[in-house]
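Novice: So the sequences go chain by chain: H and L. Note that my numbering numbers the first sequence so that position 41 is 41, with each residue one more than the last. Note that my numbering numbers the second sequence so that position 119 is 402, with each residue one more than the last.
For the record, the hints were derived by calculation from the structure and aren't laboratory data. All C-beta atoms, glycine included, are put in the ideal place defined by N, C-alpha and C. Do not rely on the hints blindly, as some may be mistaken.
[Unchecked claim] Okay, the calculated beta carbon distance ranges per label pair:
#	chain 1	residue 1	chain 2	residue 2	range
1	L	Leu-326	H	Glu-107	31 to 39 Å
2	H	Ala-41	L	Leu-326	54 to 62 Å
3	H	Lys-159	L	Arg-309	40 to 48 Å
4	L	His-349	H	Glu-141	38 to 46 Å
5	H	Ala-110	L	Glu-286	44 to 52 Å
6	H	Asn-27	L	Leu-326	38 to 46 Å
7	H	Pro-178	L	Leu-312	35 to 43 Å
8	L	Gly-306	H	Ser-64	56 to 64 Å
[What the hints assert, rightly or not] Pulled a few chain L residues facing chain H out of the computed Cβ check, cut under 10 Å:
#	residue
9	Ser-311
10	Pro-313
11	Ala-314
12	Leu-326
13	Arg-334
14	Arg-354
15	Gln-360
16	Leu-368
17	Asp-374
18	Thr-376
19	Ile-378
20	Asn-381
21	Asp-405
22	Ala-408
23	Leu-410
24	Ser-411
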Amino acid sequence: MLEKTKDIAKQILEEKKAGGIFGLMRNRWNVVQPHMFEDPAELDALVLEPKWLLAKLAMSILRSSPENYKLAVVCRGCDERALIELIKRNQIEKERILTIGIACSQEQAAICLCDRPYPAKLDAGKKVSGVDPFQDERVREFLIGNDKKRMEKWATVLKRCIKCYGCRNSCPICVCEPCKLEDDIWVQRGAVPAEMITFHLIRAFHLSDTCVACGACQEACPVNIPLLYLQLSMRETLKEKYGYEAGLNPEVKSPILSVVFEEPDTDREYPAWINSLREKDGY
Amino acid sequence: MNEPRILVFACRWCGLIGADAAGKKRISLPARFRVIPVECAALVETDAILRALAGGIDGVAILGCHIGGCRYNNANQTAIKRMELLKDLLDTTGIGSNRLLFSFGTAHEDYQFEEIIKNFFDELAVLSPLDPWLAPFGVIS
Numbered sequence: 001m002l003e004k005t006k007d008i009a010k011q012i013l014e015e016k017k018a019g020g021i022f023g024l025m026r027n028r029w030n031v032v033q034p035h036m037f038e039d040p041a042e043l044d045a046l047v048l049e050p051k052w053l054l055a056k057l058a059m060s061i062l063r064s065s066p067e068n069y070k071l072a073v074v075c076r077g078c079d080e081r082a083l084i085e086l087i088k089r090n091q092i093e094k095e096r097i098l099t100i101g102i103a104c105s106q107e108q109a110a111i112c113l114c115d116r117p118y119p120a121k122l123d124a125g126k127k128v129s130g131v132d133p134f135q136d137e138r139v140r141e142f143l144i145g146n147d148k149k150r151m152e153k154w155a156t157v158l159k160r161c162i163k164c165y166g167c168r169n170s171c172p173i174c175v176c177e178p179c180k181l182e183d184d185i186w187v188q189r190g191a192v193p194a195e196m197i198t199f200h201l202i203r204a205f206h207l208s209d210t211c212v213a214c215g216a217c218q219e220a221c222p223v224n225i226p227l228l229y230l231q232l233s234m235r236e237t238l239k240e241k242y243g244y245e246a247g248l249n250p251e252v253k254s255p256i257l258s259v260v261f262e263e264p265d266t267d268r269e270y271p272a273w274i275n276s277l278r279e280k281d282g283y
Numbered sequence: 284m285n286e287p288r289i290l291v292f293a294c295r296w297c298g299l300i301g302a303d304a305a306g307k308k309r310i311s312l313p314a315r316f317r318v319i320p321v322e323c324a325a326l327v328e329t330d331a332i333l334r335a336l337a338g339g340i341d342g343v344a345i346l347g348c349h350i351g352g353c354r355y356n357n358a359n360q361t362a363i364k365r366m367e368l369l370k371d372l373l374d375t376t377g378i379g380s381n382r383l384l385f386s387f388g389t390a391h392e393d394y395q396f397e398e399i400i401k402n403f404f405d406e407l408a409v410l411s412p413l414d415p416w417l418a419p420f421g422v423i424s
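Just chain H, with the same shape it has in the complex (with noise of 0.2 Å):
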């Protein structure tokens, strides 16, 4: 996977598709890191492991380089994804970019509970199946029981948060300039440990539709907050009503931005209605 990867990179510097190569490096100091490699001959020290997602940062490079500039991104599943999120919300410009997608062992599916651990556009690497974050022990824990149960369980967690914002600042997505998270009018500044409801939930909620499921925000969080686990559910009722899953496809935008009548057939449940037509009503 790893020489197949190379290959592709270095025909892509060679025929000049792109600018550079955006991926992980192995440094003199045995340390991995990410690395711009623009010389065909610096690609021998490209590595493919740890999991780094590249996509916040493949952002940034394209932002401060000249506008014809072209980069390739060696990315996973989910690195794909949040790139495509990405161009959907006009932070990248589509033809800047180019994707070496390679796919993820099952350990590392099975550690990130992803269920669709390879990219669409698969260059190196065998698909494996995804694992279904719902049987997994650990979320059930926090997604199973009563209402009381759930939230006592879930303070406890939150209460661990010292507010690094390292959720928000990992996450491939959470671009937004100003953040409402540093609004005194929506969560109080210079409070530890945020406010449980508006911090977390204000966050959690703002990428309902666009969290892809990376689970960069939990990796982050220095005191280990199950983050992701609050996405699942959203990401769930999305897939289920709507067929929408994020960062599929560039073309398909998010559900919530479109009125009822225009969704494809779905069953499903209109909330109350108030029937005007009421005897009691003296009209």
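Take the given structure of chain H and dock chain L to it, following the hints.
Specialist: Leaving out everything else, chain L in the frame of chain H:
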């Protein structure tokens, strides 16, 4: 136990007039709710709902126009979808989706307004308060 408190966001074309009419007809209503007029139900940000819950409000109701009766390009329909997603999030965290009410009515539906608010109060009264989630600051007194 304290009586629950409700915040109502009412669209000014329908929900608000209905609420107003309920007052004009002297229908007896529970006291602990406040109505905030908004231009359209779709203008109620989900963040504002979360902010209200964090401020010690027990339930939030959003009243819009009937499906098909929206003045603003069927905006209430996009709002439904957003609220449904928010309900999922509230259920996940155990706050409970029944703290959020999304309903539609027209301007003359004052009796329905009364019924909605009374039912909502009854529903909220049996829920446990949000205490474990409220930080010691920022609570609206």
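Novice: Of the hints stated earlier, which fail here?
Specialist: 1, 6, 9, 10, 11, 12, 14, 21 and 22
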